[in-house]
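Turn these sequences into a full structure, and let the hints guide you.
Heads up: the sequence lines are chains A and B, in that order. Heads up: the first sequence at position 4 corresponds to 4 in the working numbering, and the numbers run straight through without jumps. Heads up: the second sequence at position 105 corresponds to 105 in the working numbering, and the numbers run straight through without jumps.
Rather than coming from a laboratory, the hints here were simulated on the basis of the structure. Note that CB positions come from ideal geometry on N, CA and C, so glycine has one too. Each hint should be verified, as a subset may be incorrect.
[What the hints assert, rightly or not] Stretch by stretch, here's where chain B covers chain A in the computed footprint (C-beta under 8 angstroms, at least three residues):
1. 25-34
2. 39-52
3. 59-65
4. 70-81
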Amino acid sequence: MTAYLRNPLTIVWAFLSFSTVVSWALSRDVGGSAQMSALVTTGVLLIAAVKAQFVIRYFMEVRHAPAWLQRTLNAWLILLFAFLLGAYFAGL
Amino acid sequence: MTVADASAVVDRDTRTTVVTRSRHVPGEPSMWFFVIGDLFIFAIYFVLYVVYRQQQHALFLSSEQHLNQGIGAINTVVLLTSSLFVALGTQTARLGKARDAMRLFVFAAATGALFPILKLVEWLPELGAGLTPGHNLFFMFYYVMAGLHLCHVMLGLVIMCFVIRDLRISKAPDMKFIEAGATYWHMVDLLWLVLFALFYLMR
Numbered sequence: 001m002t003a004y005l006r007n008p009l010t011i012v013w014a015f016l017s018f019s020t021v022v023s024w025a026l027s028r029d030v031g032g033s034a035q036m037s038a039l040v041t042t043g044v045l046l047i048a049a050v051k052a053q054f055v056i057r058y059f060m061e062v063r064h065a066p067a068w069l070q071r072t073l074n075a076w077l078i079l080l081f082a083f084l085l086g087a088y089f090a091g092l
Numbered sequence: 001m002t003v004a005d006a007s008a009v010v011d012r013d014t015r016t017t018v019v020t021r022s023r024h025v026p027g028e029p030s031m032w033f034f035v036i037g038d039l040f041i042f043a044i045y046f047v048l049y050v051v052y053r054q055q056q057h058a059l060f061l062s063s064e065q066h067l068n069q070g071i072g073a074i075n076t077v078v079l080l081t082s083s084l085f086v087a088l089g090t091q092t093a094r095l096g097k098a099r100d101a102m103r104l105f106v107f108a109a110a111t112g113a114l115f116p117i118l119k120l121v122e123w124l125p126e127l128g129a130g131l132t133p134g135h136n137l138f139f140m141f142y143y144v145m146a147g148l149h150l151c152h153v154m155l156g157l158v159i160m161c162f163v164i165r166d167l168r169i170s171k172a173p174d175m176k177f178i179e180a181g182a183t184y185w186h187m188v189d190l191l192w193l194v195l196f197a198l199f200y201l202m203r
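Below is the structure:
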């Protein structure tokens with residue numbers, strides 16, 4: 001049991017759960033300011049990108065995978081969040 | 001990877017014993033084409049959602065207020081916890097401890113099964129209040145994308161049952177199959193992390 005608690009995967013899980021709560025708290029009661037909304041949305045999307053990277057590397061074990069797989073998933077992550085932020089700010 | 005060709009080494013950073021093989025593709029390489037394809041298809045939907053959201057900003061912003069953020073956050077932690085059990089189960093199966101691995105996969109399935117139950121708790125009052133897919137463009141996106149994701153969750157739960165069965169009855173668990181099932185489940189978790197940010201948290 002303690003071995004599971006000390007496992008790096010459990011530490012990654014704790015970080016992912018904590019950042020879920022942080023991003024939820026961030027997005028509450030933003031108010032009407034457009035600048036504040038943009039700041040919160042950027043923060044929320046960046047936190048989601050970091051969380052996604054941890055899931056890919058640790059849970060999916062891609063950090064031990066061949067370079068082609070690491071590169072493909074990195075490309076997916078970077079393209080997705082670049083387009084999401086781009087579409088958000090282009091439409092403001 | 002089977003237990004036979006795995007090697008147990010001590011991870012210098014974490015001082016824990018881990019089983020590694022250099023540059024190993026988890027599961028079947030062919031399965032990754034499906035996973036990557038699915039990720040890119042969802043990515044297109046995600047970007048389209050933000051494009052339409054910005055075009056009809058006021059409508060989407062007011063519609064988002066009707067969602068239950070609390071259930072969305074709890075469901076995120078539910079899937080993360082289920083994913084943790086799957087990842088620990090995969091590591092444990094690799095060490096040849098099939099019984100312990102099976103227990104971890106049972107915990108993973110039990111936690112994962114909470115997700116569709118919570119979705120029902122979330123959706124029934126919303127549908128009852130007339131917030132159906134036909135209500136507006138936001139709710140169309142919301143139900144179609146979350147519904148598509150829910151189908152992935154259900155398929156993932158079925159795959160997990162087969163993994164549990166393999167660990168229970170087989171003397172030499174099929175690591176390729178376990179890893180493939182685990183990868184699929186983590187993909188489901190990964191997609192939800194983005195869906196949660198887009199539907200529940202964006203402002």
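Taking the hints in turn, this is what the structure says about them:
Given as covered by chain B, the segment 25-34 of chain A passes the check, having 4 residues with a CB less than 8 angstroms from a CB of that chain where 3 are the minimum. As drawn, the segment 39-52 of chain A meets chain B at 8 residues by the rule of a beta-carbon pair under 8 angstroms; at three or more, the given contact holds. Check on the segment 59-65 of chain A: 6 of its residues sit with their Cβ under 8 angstroms from a Cβ of chain B, so the three-residue criterion for coverage holds. Remark: the segment 70-81 of chain A is confirmed as covered by chain B, as 5 of its residues place a Cβ nearer than 8 angstroms to a Cβ of that chain, reaching the required three.
Every hint from the earlier list agrees with this structure, and none is contradicted.
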